[in-house]
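Can you build the whole structure from these sequences, using the hints too?
Protein chains in written order, with my numbering: chain A, 320 to 772; chain B, 1352 to 1683; chain C, 3 to 344.
The reader is advised that the hints may include incorrect statements.
[To be verified] Residues on chain C that point at chain B, a partial pick, calculated with CB under 7 Å: (1) G53; (2) L54; (3) C114; (4) H122; (5) G139; (6) I143; (7) T150; (8) G172; (9) E176; (10) A177; (11) Y338; (12) V339; (13) T341.
[As the list claims (entries may be wrong)] No more than 20 Å apart at the CA atoms, straight line, and that leaves these computed lysine to any residue pairs for SDA-like: (14) B/K1607 / A/E454; (15) A/K339 / C/R262; (16) C/K109 / B/Y1656.
[What the hints assert, rightly or not] Just the calculated beta-carbon pair ranges, DEER-fashion: (17) C/R14 / A/K339: 38 to 44 Å; (18) A/V631 / B/D1603: 36 to 42 Å; (19) C/R271 / A/T324: 23 to 29 Å; (20) C/E307 / A/K339: 19 to 25 Å; (21) B/P1643 / A/Y538: 34 to 40 Å; (22) C/N16 / A/K339: 36 to 42 Å; (23) C/R271 / B/M1446: 29 to 35 Å.
These are calculated hints, taken from the structure and not from any lab test.
In this text, a Cβ means the ideal position worked out from N, Cα and C, and glycines have one as well.
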Amino acid sequence: MDMATGQISRWFAEEGARVKKGDVLFEIETDKAAMEIDAPASGVLRDVTGKEGVDIAVGAAVAWIYADDESYAPISPLEGEMSTKSTEGVASGGTALEPRPVEPTPPDRPAAGRPPVEGEGRTRATPLARRLAREAGLNLSTVSGTGPHGRVVKADVDAALSSPLEGEVSAKRTEGVASEGTALAPSPVEATPPDRPLAGHPPLNGEGDVLRLFEAGSYELVPHDNMRKTIARRLVEAKTTIPHFYLTLDCELDALLALRTQINAAAPVKKTEKGEAPAYKLSVNDMVIKAMAMALKAVPDANASWTESAMVKHKHADVGVAVSIPGGLITPIIRKADEKTLSTISNEMKDLASRARSRKLKPEEYQGGTAAVSNLGMFGIKDFAAVINPPHATILAVGAGEERAVVKNGEIRIATVMSVTLSTDHRAVDGALGAELLVAFKRLIENPIGLLV
Amino acid sequence: MDAMVRELSYAQAIQEAMAIAMDMDERVFLMGEDIGVYGGAFQVTGDLVERYGADRVIDTPISELGGAGVAVGAALTGMRPIFEFQFSDFATLAMEQIVNQAAKMRFMLGGEVSVPVVMRFPAGSGTGAAAQHSQSLEAWLGHVPGLKVIQPATPYDAKGMLLAAVADPDPVMIFEHKLLYKTKGPVPEGYYTVPIGKADIRREGCDLTIVATSIMVQKALDAAAALESEGIDVEVVDLRTIRPMDKQTVIDSVKKTSRLMCVYEAVKTLGIGAEVSAMIAESEAFDYLDAPIVRLGGAETPIPYNPELEKATVPQVPDIITAARALVKGVR
Amino acid sequence: MAGASKAVTESRANLPFVYRQYSAEQLRQVLYKMYLIRRFEEGAEECYTRGLIHGTMHLSIGQEASAMGICMPLSEDDQITSTHRGHGHCIAKGAEVKRMFAEFFGKTTGYCKGRGGSMHIADVGKGNLGANGIVGGGIPIAVGAALTSKMMKTGKVVVSFFGDGANNEGAFHEALNMAAIWKLPVIFVCENNGYGMSTSTARSTAVKNIAERAAAYSMPGVIVDGNIFSEVAEASHQAVARARAGEGPTLIESKTYRHRGHSKSDRNRYRTKEEIEDWMSNRDPITLFESELREFGFIDDKGIEAIRGAVAQEIADGIEFAKASPSPDVRDTGSYVYTEQA
Chain A
320 MDMATGQISR
330 WFAEEGARVK
340 KGDVLFEIET
350 DKAAMEIDAP
360 ASGVLRDVTG
370 KEGVDIAVGA
380 AVAWIYADDE
390 SYAPISPLEG
400 EMSTKSTEGV
410 ASGGTALEPR
420 PVEPTPPDRP
430 AAGRPPVEGE
440 GRTRATPLAR
450 RLAREAGLNL
460 STVSGTGPHG
470 RVVKADVDAA
480 LSSPLEGEVS
490 AKRTEGVASE
500 GTALAPSPVE
510 ATPPDRPLAG
520 HPPLNGEGDV
530 LRLFEAGSYE
540 LVPHDNMRKT
550 IARRLVEAKT
560 TIPHFYLTLD
570 CELDALLALR
580 TQINAAAPVK
590 KTEKGEAPAY
600 KLSVNDMVIK
610 AMAMALKAVP
620 DANASWTESA
630 MVKHKHADVG
640 VAVSIPGGLI
650 TPIIRKADEK
660 TLSTISNEMK
670 DLASRARSRK
680 LKPEEYQGGT
690 AAVSNLGMFG
700 IKDFAAVINP
710 PHATILAVGA
720 GEERAVVKNG
730 EIRIATVMSV
740 TLSTDHRAVD
750 GALGAELLVA
760 FKRLIENPIG
770 LLV
Chain B
1352 MDAMVRELSY
1362 AQAIQEAMAI
1372 AMDMDERVFL
1382 MGEDIGVYGG
1392 AFQVTGDLVE
1402 RYGADRVIDT
1412 PISELGGAGV
1422 AVGAALTGMR
1432 PIFEFQFSDF
1442 ATLAMEQIVN
1452 QAAKMRFMLG
1462 GEVSVPVVMR
1472 FPAGSGTGAA
1482 AQHSQSLEAW
1492 LGHVPGLKVI
1502 QPATPYDAKG
1512 MLLAAVADPD
1522 PVMIFEHKLL
1532 YKTKGPVPEG
1542 YYTVPIGKAD
1552 IRREGCDLTI
1562 VATSIMVQKA
1572 LDAAAALESE
1582 GIDVEVVDLR
1592 TIRPMDKQTV
1602 IDSVKKTSRL
1612 MCVYEAVKTL
1622 GIGAEVSAMI
1632 AESEAFDYLD
1642 APIVRLGGAE
1652 TPIPYNPELE
1662 KATVPQVPDI
1672 ITAARALVKG
1682 VR
Chain C
3 MAGASKAVTE
13 SRANLPFVYR
23 QYSAEQLRQV
33 LYKMYLIRRF
43 EEGAEECYTR
53 GLIHGTMHLS
63 IGQEASAMGI
73 CMPLSEDDQI
83 TSTHRGHGHC
93 IAKGAEVKRM
103 FAEFFGKTTG
113 YCKGRGGSMH
123 IADVGKGNLG
133 ANGIVGGGIP
143 IAVGAALTSK
153 MMKTGKVVVS
163 FFGDGANNEG
173 AFHEALNMAA
183 IWKLPVIFVC
193 ENNGYGMSTS
203 TARSTAVKNI
213 AERAAAYSMP
223 GVIVDGNIFS
233 EVAEASHQAV
243 ARARAGEGPT
253 LIESKTYRHR
263 GHSKSDRNRY
273 RTKEEIEDWM
283 SNRDPITLFE
293 SELREFGFID
303 DKGIEAIRGA
313 VAQEIADGIE
323 FAKASPSPDV
333 RDTGSYVYTE
343 QA
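Take a look at the structure:
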């Protein structure tokens, strides 16, 4: 029994009445039954504070029986009320029913009880397939299932992992690896399958909805490969969950271009299988990577990643570089780019880009990173805004370097100018902080000797 | 310990175990309906009354509740009674003594007493005895803390587990499938025990774990033999004890095979299969499942009289084969 | 007092059974225990009302002579099974009230370490195999205990207490039959307090006297006034002798009355105040026994006062002991379900 209170349903004797031991005094009701309570002693009934129909704590006095020779001083009505209240207070304090602050559901977590969306949204997979995919960093939605109802089974995961399409392994890998240390109990966050659609977001139009708009035979259907699915999913996720904020600036490139020519000219010649070649050949992009990394180091608050509970402030500047490859794109990462020389960055970038195109990158080579650079200058794009690739908080969109008329000190002159637009995750990097980062970047680009120190 | 091993029937193995127990301990005695000169409805006690006398092989009146209570009272006061229900169905008449008294006495009295009673329940269908003499009620008792519930599947286990039950300080309920009584198997002479609470891997395999109980163990083994030719390698776990259940053996097996099927004769719903499935779903083995768990249990009906209907209400070897094939090949 | 009792002793031949059978000291001890039962239950009731004891309880106030009379000829080795209204049986068989209070308070020092409470109070060391929450539940168990006695030749006699309600349970009939066919040393004691919860025996039971049921099982059926200690003890004495001689069981119907309701939820709607008042004023077993003791010179007012005072002290000490005792650790919830094996 965990009865903490009861109610008096009826008094059979009034205040001041003379009662005899054994007389029925009152009837109480509990959650189980009603029962009559007899007077435990003979005397005069006084101080009847236990009112009918009110919850009374078990153990609280409801009245007093005074012996005939006992003196009686009535308690004031106020005191009576106070004592009733305080007993109640004690009673409720003693129970486990104290209100507990309701923990708000994190807004970005799918609401409990929401049915999984069938079809494109949720992937059917066995627990074993899920675990193996989680451990391998494989995004299950990119794997086609051969089990009943299209369920992804272990064999499908094995097949996916042994195929050359390793590029589809998602950025969840680090999480998956980390969770291995914590036995098999998934943390609440991990319990959300990575391939579940975002809460509160309607599923994309069904295939039928789109195809209805076009005449039959007027198109060809090319099924998505896994990379396409991954790109689609990650971009939707990034663009819908990250509050993007954009800052644009022009940088003059002439000093940088001059320095680049000078450095490349100084490259020693190295013997390779194909004959002799310079040991390095810097591109403008290599210098942009270095400048971005150094700017991040100079403005460390902007070198961050957003998580629900804390800001992840990075100690190194790992710069991802978007590389276009047939059928999609991928973002290999130059780790600790702030510490690396331009020639190292340049050579590393060449190797990563070439292996990216042949889809030979290892997951650790394209997962993570603290910021990114996307350069469409080679296409003559003047300016554009890029989509942030989490866990990055920023991405720098780099346009083409072109000769423009520049007004300086009241004079028009010609300069090679490159427009850059920084997208920031406003949760992690506010506007002013982003501006600070971009200004630091511009200063390095326009004073490129700084890139050499 | 090179005990002579003979082929004995399941019933003979139980009888031998009871004789050994009575030889070893004067506190052991048998009670039940028609277990004396009649030899028991299934001839399990056989001629024990001639060897041990009517004082130790006691015919009770047809009083299941009272008889069970007498056994409980005797156990409570130091005896080691083995009480035979003529049919497990009749345990329904004695639920009060089994569930309220035997199971709870030790607990209610704060550990001051124990109730080392053994109760035997001839169970299961297949004899044409129809709805009131064919049930499998082991899960009923498996739901009660304080009881131990076992289902030996072979003559070897029947003897060894009965001797373990007699030695156990707590009430042990033994469900014996009636169709097993005549099945034969190797049984060593003399005293040995098979531990209560420990499952047995009857056949090793890597594609599918079948957790089976009682008569379904042999059916699962027959199915496994047939599936072998199709390249399906089945592991058969004989649960043997349903309370306390040997979870680890089942978990380890499922981690190995990634697929689980439970096969038992009792009505499918709310039974052992549900318990094993839920236990696996709660365990570390969940992340090893590569297919949904499947239960094959008795139909949601009383056991019918007509022999074809009777067979159809409980899992048979072809049912196990079909279900196993579908599970492993993923065609469902 | 010694002089008075000496004078009376000479004329004991004309006195009721117990005054011939037992010493003055033993009889005063009986009075002490009857008071102890009464005050224990009153104390438990008060603690319940104060919220110190939870659950419910079934009080046997008014039935003390029955419990004491039946247990009078039993030795410590003899055994009893008891009922949900079993506090009196427990004390009569030798239990300490402090450990009973501790049990009611749910403490580790209680007879059942706080796992049983009022309804499962037991004292196995003193031969009380336990109260029982199931009406009739203890009857077959007592027969089983008697079977042990017979098989192991321990000479123990087993008493099964039950109420009038249990006489309509199948277990009662099955158990009496088995005890009779096997001639077991068991005594069936039906404490007929007139009501199974609210249903009177007149409405529930086909025979006028439950003792008549004994005929169906070829055993003696004895009716006694359960509120007269000597009558109960005499019947018990004979039944115990019969059991020890291997002649088989006896059914004793001890007609009595409970002053309190069935349990703590009873509002006494099925019986009249007058009826209760009559039993309390005119047929109270303690009052009856006390006046006999006084009349036959076994005790005087001073002696009675001394007993009452000593009982009050034992009760007060018992409650203090219970209050001060530790509660079980919730981490030990799983204890005692199975025997802990080394």
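Comparing the hints with the structure gives:
| no. | hint | verdict |
| --- | --- | --- |
| 1 | G53 | violated (23 Å) |
| 2 | L54 | violated (20 Å) |
| 3 | C114 | holds (4 Å) |
| 4 | H122 | holds (4 Å) |
| 5 | G139 | holds (6 Å) |
| 6 | I143 | holds (4 Å) |
| 7 | T150 | holds (4 Å) |
| 8 | G172 | holds (6 Å) |
| 9 | E176 | holds (3 Å) |
| 10 | A177 | holds (5 Å) |
| 11 | Y338 | holds (4 Å) |
| 12 | V339 | holds (5 Å) |
| 13 | T341 | holds (4 Å) |
| 14 | B/K1607 / A/E454 | holds (18 Å) |
| 15 | A/K339 / C/R262 | holds (17 Å) |
| 16 | C/K109 / B/Y1656 | violated (55 Å) |
| 17 | C/R14 / A/K339: 38 to 44 Å | holds (41 Å) |
| 18 | A/V631 / B/D1603: 36 to 42 Å | holds (39 Å) |
| 19 | C/R271 / A/T324: 23 to 29 Å | holds (25 Å) |
| 20 | C/E307 / A/K339: 19 to 25 Å | holds (24 Å) |
| 21 | B/P1643 / A/Y538: 34 to 40 Å | holds (38 Å) |
| 22 | C/N16 / A/K339: 36 to 42 Å | holds (41 Å) |
| 23 | C/R271 / B/M1446: 29 to 35 Å | holds (32 Å) |
In summary, the numbered hints that this structure violates are 1, 2, 16.
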